[in-house]
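Asks: This is what each chain is made of:
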Amino acid sequence: MLQLADLVVRLPDGRHAVDGVSLALEAGRCLVLLGESGCGKSLTALSLLRLLPEGVTIAGGQARLAEQDLFSLPERQMRGWRGGRLAMVFQEPMSSLNPVLTIAAQIEEALVAHGSSQTVASLLADVDLQPQHAQSYPFQLSGGQRQRALIAMMLAGEPEILIADEPTTALDVTVQAQILRLLRDLQAKRRMALLLITHDLGIAREMADTVAVLYAGQVVEEAPASALFACAARHPYTRALMQVTPSLGRRGQPLSSLPGSVPLAGAWPRGCRFAPRCGQVQPRCRELAPPLEHGVRCLFPLDQAVASPPSIAAQPLADATSAQGTPLLQVEDLCVHYPIRRGLWQRTADWVRAVDGVSLHLNRGETLALVGESGCGKSSLARALLRLQPQATVRGRIRLHGEEVLNLRGADLHAFRSRAQIVFQDPFSSLNPRMRVGDILEEGLQALRPEMGPGARRQQIERMLNRVGLDASAMPRYPHAFSGGQRQRLAIARALCVEPQLLILDEPTSALDVSVQAQVLALLRALQDEHGLAYLFITHNLPLVGYFADRVVVMQGGKIVEAGATEIVMAAPQHPYTQALLASAPG
Amino acid sequence: MMGIQPTLLISDAVLFLLLAAVGAYVWRSRRSERARATWRGVFAARMGRWSAWVMVFFVSVGVFDSLHFRVAVETPAGQAQQYSGEVLSVLDTVLTPLRTASEKTYSAPLAATLLVKESVTLADGSVARLAPAIAHVHPLGTDKVGQDVLYLALKSVRTGLLIGTLTTLVMLPLACALGIAAGYFGGRVDDAIQYLYTTLNSIPGVLLIAAAVLVVDVQIDAHGEWFNSAAARADLRLLALCAILGLTGWTGLARLLRAETLKLRELDYIQAARAFGVSHGRILARHVLPNVAHLVIITVVLDFSGLVLAEVVLSYVGAGVDPATPSFGNMINAARLELAREPVVWWPLATAFAFLFTLVLAANLFADAVRAAFDPRGAG
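Order-wise, the sequence lines are chains A and B.
Each number in the working numbering comes from the position in the first sequence (counting from 1) with 3 added on.
Each number in the working numbering comes from the position in the second sequence (counting from 1) with 43 added on.
Worth flagging that the hints you see were computed from the coordinates, not collected in a lab.
The structure presented is a predicted model; accordingly, all values stated were derived computationally and were not measured.
Don't be surprised by glycine CBs; every beta carbon is placed ideally from N, CA and C.
Treat the hints with care, as some may be off.
To be verified - One side only, chain B facing chain A, incomplete, derived with CB under 7 angstroms:
{"hint": "1", "residue": "L310"}
{"hint": "2", "residue": "D311"}
{"hint": "3", "residue": "R317"}
{"hint": "4", "residue": "A318"}
{"hint": "5", "residue": "F319"}
{"hint": "6", "residue": "G320"}
{"hint": "7", "residue": "N334"}
{"hint": "8", "residue": "P419"}
{"hint": "9", "residue": "R420"}
Said to hold, decoys possible - A partial selection of chain A residues facing chain B, derived with a Cβ cut-off under 8 angstroms:
{"hint": "10", "residue": "H417"}
{"hint": "11", "residue": "R420"}
{"hint": "12", "residue": "Q424"}
{"hint": "13", "residue": "I425"}
{"hint": "14", "residue": "F427"}
{"hint": "15", "residue": "D429"}
{"hint": "16", "residue": "S432"}
{"hint": "17", "residue": "L434"}
{"hint": "18", "residue": "N435"}
{"hint": "19", "residue": "R437"}
{"hint": "20", "residue": "M438"}
{"hint": "21", "residue": "E446"}
{"hint": "22", "residue": "H483"}
{"hint": "23", "residue": "R497"}
{"hint": "24", "residue": "V501"}
Unchecked claim - Residues of chain B placed beyond 10 angstroms of chain A at every Cβ, according to the derived structure:
{"hint": "25", "residue": "F100"}
{"hint": "26", "residue": "T136"}
{"hint": "27", "residue": "L392"}
Please build the complete structure, drawing on both the sequences and the hints.
Replies: Have a look at this one:
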């Protein structure tokens, strides 16, 4: 139905971000555009709607929809086609809706714009929203409901093609599963073509009829989903992507490593663009740019022979788990309550019970995963463990190494800080953009090891930088000069500088590409073996838990609903909530 | 032998202290490779270089105008040497031809005659009305009492710079300390500071300042013995004005900083610093302040022009600098009547406007170059 041929997108400085992408969309079918960040998948989608950011232009190619080239259509006519024949659902449902208009008003606006005969009520019913939601404002809806409202708006013009750019990235797993199901149902019912953009292999496997894998601005492999996922991929990149994705089945084995990261737009190597990271690279790959033949852009495609996925039954991880004796960290009946203040005198009117009676323990050298959806209190718990909750009332007992953490004051609290550290989710906001890397790493040492001289501090910093795979040349640079994965390494090095025993990892890989995630996980595993670190691993990613954690606790509404050894909880969940979580995980 | 006696007004002392501080900073950053590289970045940009030269010109005019002295007057033998009551500056000496070349009244730029006609008795006894020839050429004309407008404008530079910098000096620590403290600590501290600036803001600014200036005026008038010259008196009034403008003008910047700090406080790198047990003072100095510095620079430079304009408004209500002090405010204030004349006397206003425009534009461009050079994202 829609034929995109040889699309070239040029950035303001003349570099090409998308370099000859061809795709075909068919009615009633779903094409998944799969790729890591920076490979040009969002720009491809925006080009189809001709909504590229300022200065970014379409430098070549054609997009034929009903014998008409979209790229040569006058802007006035294109405006009618946007939403009318092609519609797009964006990643962030909050910023895509106008906060001061009701849902009904916004859907009505779209209906009027396209002169549609549908009604607000029928559209809301189509996306499974209650009729009373029509009069709600966006802030009154949950993230999933907002995304539904947005989809209803997009359906107003009865589009033939629906483009969804990471539509569920901002949502919890259970909501994600519902939205994906909704998209699939709508597509079948309305015979739409769906172009779904994602970085998540699980989503691709669940949704796609056809998968196009994008790398460095080019399609490197295109294949029917069934063939791709059943018989293994033929392009080394696709194969590597599948192998670096953690899962319960890969437990205990190292994830095959995909070194480096996606090259920047325009800084592509000569010859095959994947050659520098490829495990099967041959001398010719560095000379000759391979064409896309039989759906693979590789000079030496892999056999399509059925790869035997290592389906070894999940086993308990090595020795560390069985470490006996008193646990390093013991939490008993912990409550973290935030006061809600009202009125002129800010009297406490009520409490938000973010964490409500949680008990857990963590041994030396062990990884405990804390799983739950947003708002379940897992981050509040992490901050309370580190005594970073000045506004909240924290009750219960926290014992680290036999010490009552909640009673620590002054010098004792200071000493505690070097024993427990944290790595945050977003490596962009966790490093001060105005401090040099050397100063960032030195800060903790200055505060917690005042007895160390400048020379000793420098030595320690260099040692840690080397340990996380960077070197001393990083010290005079600012954080913005590093990629997301490198920044997360810096954040880990910063925490390790003060030699903690407990490291709290607050979704440390959720902002990273899957290949970089594998590198960071390998680093964390190696550091744990070396130093006997105990990890409290906070995440919502269940396959990751299955791969990485020894034990798991599942939190819901501030309480622990299930706890146990990972392989047992993942294989036979007892609590309905855990079962729902596991059922929702894509893939 | 005519001697001179150096005279140090209070504002001179403050200005020189400020220069010494800048000098000390330059001396320190010359020894650090990083700081040198950053400042090289400022001057490498064409805009940065040009605006810096313009600023250097204005500042040197201001500095030369701050080297004050009094000339000795002839004293009968046997008595202690006495000095003239008039305080001059080095700039005055340099500009002596302009300073002393005065006319009777208005004359247009480069005109050969005065603007107004006079009845003149001619040689044959008849009386004619004609504009008398003027004694000197004035590139920018003369004002009502015949003073050279270029000279006035150059003398106004010092007043403008002083009001801009001294007020900022009073305002900046207040705004930074209170704004950041309110945002970072929150709770009762935030409440107290918010009440304070809401109260200050709820009084109309000009009236508050005018009232405060009048109070100071009364004190100055009651203590004539404090001053040994009219210049010292005018100087104290200028300083008082700066202090009052500073004490009332910090609220806008403080509110901006509070909002920005509220946002920064929740960022992970501040949480990480707290997890390291870094003290509040160090967090504020190393994590918060550098990340709001861009706001401070932009606001201060924009406020600079606002302050000079505030001086104009205050002169209008009679609460500005001393009427005898040359200032852009006094020049613009006089233009009210001049623009109503026929023919229109436009040049004092135009001169004041051109000088102000150049000064403020140069300050803006220079600040922008500094901000860009200190932004780590700009440097590779």
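Asks: Taking the hints in turn, state whether each one holds.
Replies: Okay, the hints, checked on the actual structure:
no., hint, in the structure
1, L310, "holds (5 angstroms)"
2, D311, "holds (4 angstroms)"
3, R317, "holds (6 angstroms)"
4, A318, "holds (5 angstroms)"
5, F319, "holds (4 angstroms)"
6, G320, "holds (4 angstroms)"
7, N334, "holds (6 angstroms)"
8, P419, "holds (4 angstroms)"
9, R420, "holds (5 angstroms)"
10, H417, "holds (5 angstroms)"
11, R420, "holds (4 angstroms)"
12, Q424, "holds (6 angstroms)"
13, I425, "holds (5 angstroms)"
14, F427, "holds (4 angstroms)"
15, D429, "holds (6 angstroms)"
16, S432, "holds (5 angstroms)"
17, L434, "holds (6 angstroms)"
18, N435, "holds (4 angstroms)"
19, R437, "holds (4 angstroms)"
20, M438, "holds (7 angstroms)"
21, E446, "holds (6 angstroms)"
22, H483, "holds (5 angstroms)"
23, R497, "holds (7 angstroms)"
24, V501, "holds (7 angstroms)"
25, F100, "holds (32 angstroms)"
26, T136, "holds (47 angstroms)"
27, L392, "holds (41 angstroms)"
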